[in-house]
Amino acid sequence: DSGVTQTPKHLITATGQRVTLRCSPRSGDLSVYWYQQSLDQGLQFLIQYYNGEERAKGNILERFSAQQFPDLHSELNLSSLELGDSALYFCASSSSDRSDYGYTFGSGTRLTVV
Amino acid sequence: ELKVEQNPLFLSMQEGKNYTIYCNYSTTSDRLYWYRQDPGKSLESLFVLLSNGAVKQEGRLMASLDTKARLSTLHITAAVHDLSATYFCAVARTTSGTYKYIFGTGTRLKVLA
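In the order they appear, the protein sequences are chains E and F.
Mapping of the first sequence onto my numbering: residues 1 to 114, in sequence order.
Mapping of the second sequence onto my numbering: residues 1001 to 1113, in sequence order.
None of these hints come from the bench; they were simulated from the model.
Be aware that a few hints might be false.
On the chain F side, residues computed to face chain E include the following (Cβ under 8 angstroms) [stated by the list, open to error]:
1. Phe1010
2. Ser1042
3. Leu1043
4. Ser1045
5. Ser1084
6. Tyr1101
Anything over 10 angstroms on all C-beta distances counts as not near chain E; from chain F, calculated [claimed, not checked]:
7. Val1055
8. Ser1064
9. Lys1068
10. His1081
11. Thr1105
12. Lys1110
Computed from a predicted structure; not experimentally measured.
The beta-carbon is built from N, C-alpha and C at its ideal position, and this holds for glycine as well.
Only chain E is shown next, with the shape it has when bound in the complex (with noise of 0.2 angstroms):
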């Protein structure tokens, strides 16, 4: 167990639909990030949030959106479902906004998008 939990590990839906993923960082990690794994276009960076607040966006689709809550875990928010969002979403967390250590993943949610 890395520390980072994310739910749910798998997410079956249909194309339109809106699905919400959670992350829940490491204890005492104030940064979560965002990635998005898939076959044809490998480990892609989504959004950064620190301390509760946006600190830097990637490949995000306008479809996507995220926040950091209070208690510093993250929803990433995935609408109008399209059959290329299947993919593994990762989330990862640090200490600080440029880490040292690198980052520690979660297990992921793996989308299908049906």
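Starting from the known structure of chain E, arrange chain F on it as the hints suggest.
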């Protein structure tokens, strides 16, 4: 735009052999990371390289960083089956006050018994 390329993308090697995975990146960076991912699993941090000339070793893996060449290597010594996994490098860069962390394409390593 920061680009990170790894080669080879796939590597099949015999147990006991040595090999090197290369990670090239396109712009200056102040730190580089190596991760391991087993199939269907999460990413595990292996090394963090923070300065030019940094070398770190753990078991049969050794990572090094040459910031002038914008190149990091992950050297595998006397490979064993347990090292079979996908290895990613990731490069960090500060841009306009924000910190971005870009992963390479990954190298899928298969060690044959």
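Minimum Cβ-Cβ distance from Ser1064/F to chain E exceeds 10 angstroms: Correct as stated: the minimum Cβ-Cβ distance to chain E is 16 angstroms, above 10 angstroms.
Hinted contact Ser1084/F with chain E - closest CB pair below 8 angstroms: violated (18 angstroms)
Phe1010/F as an interface hint toward chain E, with CB separation required under 8 angstroms: Since the shortest Cβ distance to chain E is 14 angstroms, the answer is violated.
Status of the hint placing Ser1042/F at chain E (closest C-beta pair under 8 angstroms): Given a least distance of 5 angstroms, the restraint on Ser1042/F holds.
Given hint Leu1043/F near chain E, where the shortest CB pair must fall under 8 angstroms: Interface hint status for Leu1043/F: holds (4 angstroms vs cutoff 8 angstroms).
Satisfaction of the Ser1045/F interface hint, Cβ to chain E closer than 8 angstroms: holds (4 angstroms)
Least C-beta distance between Lys1068/F and chain E, which was stated to exceed 10 angstroms: Holds, because the least Cβ-Cβ distance between Lys1068/F and chain E comes to about 21 angstroms, which exceeds 10 angstroms.
Hint check: 8 angstroms Cβ-Cβ cutoff, Tyr1101/F to chain E: Cβ of Tyr1101/F sits 6 angstroms from chain E, so the hint holds.
Chain E versus Lys1110/F - minimum CB to CB distance exceeding 10 angstroms, so not interface: holds (17 angstroms)
10 angstroms cut-off, C-beta based - Val1055/F kept clear of every residue in chain E: holds (17 angstroms)
No chain E beta carbon within 10 angstroms of His1081/F's: holds (23 angstroms)
Verdict on Thr1105/F as a residue remote from chain E, using beta-carbon distances over 10 angstroms: violated (5 angstroms)
Of the numbered hints listed earlier, those contradicted by the structure are 1, 5 and 11.
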